[in-house]
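These protein sequence lines map, in sequence, to chains A and B.
Residue numbering for the first sequence follows our numbering, starting at 28 and increasing by one per position.
Residue numbering for the second sequence follows our numbering, starting at 988 and increasing by one per position.
Note that these hints are calculated values from the structure, not bench results.
Mixed in with the good hints there might be a few duds.
Keeping only pairs whose Cα atoms sit at most 25 angstroms apart, straight-line, the calculated DSS-like set for lysine-lysine is [to be verified]:
1) A:K310 x B:K1071
2) A:K337 x B:K1237
3) A:K305 x B:K1383
4) A:K141 x B:K1071
5) A:K310 x B:K1086
6) B:K1138 x A:K147
7) B:K1238 x A:K199
8) B:K1385 x A:K305
9) B:K1127 x A:K337
10) B:K1071 x A:K436
11) A:K147 x B:K1126
12) A:K141 x B:K1127
13) A:K147 x B:K1285
14) B:K1086 x A:K93
15) B:K1122 x A:K358
16) A:K310 x B:K1005
17) A:K305 x B:K1122
18) B:K1126 x B:K1102
19) B:K1313 x A:K436
20) A:K311 x B:K1126
Label pairs and their in silico Cβ distance ranges [as the list claims (entries may be wrong)]:
21) A:E262 x B:R1379: 30 to 36 angstroms
22) A:N398 x B:S1366: 37 to 43 angstroms
23) B:P1389 x A:L173: 25 to 31 angstroms
24) B:Q1164 x A:R157: 36 to 42 angstroms
25) A:K310 x B:K1313: 44 to 50 angstroms
On a predicted model such as this, the values are computed, not experimentally measured, just so you know.
Ideal placement from N, C-alpha and C gives every residue a C-beta, glycine not left out.
Chain by chain, the residues:
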Amino acid sequence: MISYERFTLENGLRILVHEDRSTPLAAMNILYDAGSRDEDPEATGMAHLFEHLMFGGTASIPEFDKHLLMAGGENNAFTNTDITDYYITLPAENIETAFWLESDRMNLLDFSQKNLDIQKNVVIEEYNQRYLNQPYGDTMLIMRPLAYKVHPYRWPTIGMDISHIRNINLEKVRNFFFSHYAPNNAILTMTGNISKDRAIDLSKKWFGNIEKRNVRPRILPAEPEQKEGRILTVERDVPVDALYKVWHTGPRAGNDFYTLDLITDLLAGGESGRLHTKLVRQKKLFSEINAYITSDIDPGLIILHGKLMKGVDIHHAEESVMNVIDELKQKYAVSTEMEKVRNKYESSNVFASTSILNKAINLSFYDLIGNTDLINSEVELYRKIDRTMVMEAALRYFDPTNCSTLYYKSARKS
Amino acid sequence: MTRIPPSQPPSISVSLGKIREAAAFRLDNSIPVYIIEAGSEDVMHIDFTFGAGQAAEYIPLLASATNMMLTEGSLNYTSSKLNKILDFHGAFYNLYAEKDRAGIAIFFLNRHIEKILELAREILFQPVFPDTELKALMKKRLRWYLVNRDKVNNLAMDQFFESIFGKHHPYGRQVVQDDFQNLDPAILKDFHSKYYTPAKLAIIVSGKIRKDIVILLNRFFGEMSSNGITPSESGNVIKSEDRKQVHVEKKGAVQTAIRIGSSSINKLHPDYPGLKVADVVLGGYFNSRLMKNIREEKGLTYGIYSVITSLIISGFKVISTEVSKKSTQKAIDEIYKEIQLLQNVPVEKEELEIVRNYMLGEMIRMFDGPFALAESFRSVWEFGLDNEYYYRLARKIKTIEPDEITDMAKTYYNIDDMYQITAG
C-alpha cells in the first residue's frame, strides 16, 4: 500500500507526496501534460527537442546541471507521445535545490539561438543513432503512419523527418513553451525521505508565484475506425526477415486496457508465453517474438513483432502467429494460466514499488489519467479479469480489419 | 512573467554514511551465504553465483551456452515445465555469463521461497543439456548474433576487446559464425561438472529477509557435496594486439562508432580510486568534459562516455561514442585533446567540487535499497574486498587534489598506449 497526499496550488499546479523514510534520498518528478501528440504536423519532434532545451539554462541559472550535481543529485527526462517528464533524485536534505531549479525553468527559459542550434544537432545524431543506424531501427517510423491516418500518433516522438527538426526556429520554441509549460499543465510529485508538510511548504515557496498560463486547448482529430487490414512490405539491408503486426486498442483509461495488457502477457509474458512456447520453442519459426500494449492515453496499439529463423516463409510465420491469436477467440484460457499472468503482474508491481523514482513517475502518470489511486488498485483490476473478458476482448480487437502488418524483409541473399 | 527569483537554497555537502553490512554465514557444507536485509516490500532477490564466466571457457561460447542451457531441462523437469512453474510463481530470473562470473539471479515474492529454492537447485545442479534443445538454442543465438553484428557499437566493442586482451584470451576473443556449431552436450556437461559445483557457489540474498532463510537454504543446498573435480588453471594469457588503430568497415552505416582506451588496473590497485575520479572528470557523467565539448558545444553526438571497469585478472577503460561519419576524425581529435588537457592542466576548484559531490551522490544511490546494496556488495566481494574499499573511495573523492588527477591522467591515459577502434 503506497500512501500519498494530493493538493493543488492556486496557480493550478497539482502536487503529490509519498513519504518513504527507508531511504536517505528523495525523488522529484515533474510531468508536463505535453507530448508529441500536441505538435504541429509540420513541426514534429518539437516536444522532444524541447526536452533537450530545458537543460540549456535560464537567465537566472545559466547552468542547470551544475547546481544539481553540487547537491549530489542526478536527473534525466523522457518525452513520449503524451507527456514530457523530468526527474531528479538527490540526498533528501538537499531537496530544496530541486525546487529551486525546477521552478526556475518552469518560470522562464533562456531561449538562445546557439543552444537551439546545438541541441538540434544533438537530436539529429540521436535520430541517426537510434532510428537510422540500427537494424530495424526505422520500424516505428514506418508502422505509425500505416496504423494512424489522422491522429498525431501517426508520427514518432523523435519526429516524422529530420527536416522537421532542422526547421524548428526560436519562435516555434517560444510558442511551445508558453502554450504547454505552465503550473496549470503540470504535476509535481515528491517521494522518499520528505514529509508532507515540508513538501507543501516548499511547493508554495518555490512554485506558488508562477502565474497560470493560457494552455493551448487540446483538440485532436480522432482516428477513424480502421475498415480493412493494411499491409506493407519493405526491404532493408538487415540480416533476417522480421514481422510486425499492430492492432488498434482503446484509450489508456478505458475498460479494456487491462484485459488487453493481460492478453499480451498470455501471448508473450516470460519464457512460458504462448507465442514463445509455440513459435520459438516448438515450431522454431522465430528466433524471438514479443507482444505488448502501448500505454498511450488516446487509443493506442497492441504491437507484436518477431524475427524469423533462417529459411522460414514470412507468410507461413504470420499464419502461425494468427493461429495462436485465434485460439484466444475460440478457447477459454485455463485458470492456471490466468493465475500465472496475474501473479506475474503482481510481482512486477511489487518490484516496481521498491524504487522511489518509479513511484514518483507512476503517481504522476496515474494522476494525469484521472485516477491516482491506480498506484494501489491496479493489481485488483488485473485480479478481476476473467476468461470471458479475455475472449471477448480478443474477438473484438484481434479483427483482421483492425490490423496493420509490416513485412520487413532482408535484402541480403543468404 | 515578472517574478523575482528567490535566491539559491543552501545545499549541504554530500557524504556517504555508514554502509549496511552483509551478514555472512556458511551452510552445513560450507557454501558461503551473504545476507543483505533491507527494504519494506515482501520480495527477495537471490544471486547464485559461480566463477563460471568466459574467463574459464576453453572454447568460444562455452560459458554462456552452459549457463543458458541450465533452464533447458533437468533431471526432474522439462524446460517448459520449469518455465511454467517459475512464471506461475511470478518469479523473474536472469541467467548471466559475464567475463568472470556466471549464475542465475532470481527475484520473487517471499511467500514462494520454497518452490523457488527447489527449482534453483534443480536448475543449477541437475541440468541434463538435451541435444535437441542445445541445437535449437544455438540456431536461435546465431540469428541474434547476426542482428547484433549489424550494429556499429557492437562491431567496435568486440574489436576493442580483441585488441586490448588479444585474440586468444576469452576476454578478447571474438565470436564467429562457426562457433555456434562447435558445441555439444558432452562439452557443456564437462564444463558444468567443473565450474557449477557447490564448492564454487556463493549465495547472495537481499530484500526483506525471511527469518527462516538459513534453515531453508540449508534444506535445499546444505547437504550437497562437491564432486571433487578441480579444474586445472586455464593457460589463457592476455596479450594485447600490436596494432593500435583498427577500422571495422560497415557498409551503409550512417554513423561511426568510436572506442578509445586500453587495458587497465582494477579495484585491487591502490591507484584505482584516484583513477576513477580522473575518469569521471573526463567522461564519467553528464557534465563531463567530453560531454560538454563533443555534445554540448559541438553537437557531434547524442552521447559520449568514459568508463573504467574491473575484471578479476585485468581491467579496462574505454571512451565510447557514435558520431556521423564525416565528423569521425574531428571527434577523435577532440577526445585526445581532452585527454591531454587532463594531463597538463590542473582541474579548477569548482569543477572538482562538482565532481566530488556528484560522485558521493552516486555512492549514496549505490547503497539505496536492498538490490542496489546487493549489487555493490558483489562488486567488491568478487575481488576479495569489502566495504573498506568504498570508504577508501569516498575518502579519495573528498580529498583528491588537482595534481593527483593530472598524475593519474599521465600515468593511465598515456596516448601512445591507447587503442583506437572505429566501426562504420
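Against the structure, the hints come out as follows:
| no. | hint | verdict |
| --- | --- | --- |
| 1 | A:K310 x B:K1071 | 18 angstroms, holds |
| 2 | A:K337 x B:K1237 | 22 angstroms, holds |
| 3 | A:K305 x B:K1383 | 55 angstroms, violated |
| 4 | A:K141 x B:K1071 | 56 angstroms, violated |
| 5 | A:K310 x B:K1086 | 33 angstroms, violated |
| 6 | B:K1138 x A:K147 | 24 angstroms, holds |
| 7 | B:K1238 x A:K199 | 38 angstroms, violated |
| 8 | B:K1385 x A:K305 | 56 angstroms, violated |
| 9 | B:K1127 x A:K337 | 9 angstroms, holds |
| 10 | B:K1071 x A:K436 | 33 angstroms, violated |
| 11 | A:K147 x B:K1126 | 42 angstroms, violated |
| 12 | A:K141 x B:K1127 | 48 angstroms, violated |
| 13 | A:K147 x B:K1285 | 11 angstroms, holds |
| 14 | B:K1086 x A:K93 | 36 angstroms, violated |
| 15 | B:K1122 x A:K358 | 33 angstroms, violated |
| 16 | A:K310 x B:K1005 | 54 angstroms, violated |
| 17 | A:K305 x B:K1122 | 17 angstroms, holds |
| 18 | B:K1126 x B:K1102 | 32 angstroms, violated |
| 19 | B:K1313 x A:K436 | 29 angstroms, violated |
| 20 | A:K311 x B:K1126 | 9 angstroms, holds |
| 21 | A:E262 x B:R1379: 30 to 36 angstroms | 57 angstroms, violated |
| 22 | A:N398 x B:S1366: 37 to 43 angstroms | 40 angstroms, holds |
| 23 | B:P1389 x A:L173: 25 to 31 angstroms | 57 angstroms, violated |
| 24 | B:Q1164 x A:R157: 36 to 42 angstroms | 27 angstroms, violated |
| 25 | A:K310 x B:K1313: 44 to 50 angstroms | 46 angstroms, holds |
Checked against the numbered hints listed earlier, the structure breaks hints 3, 4, 5, 7, 8, 10, 11, 12, 14, 15, 16, 18, 19, 21, 23 and 24; every other hint is satisfied.
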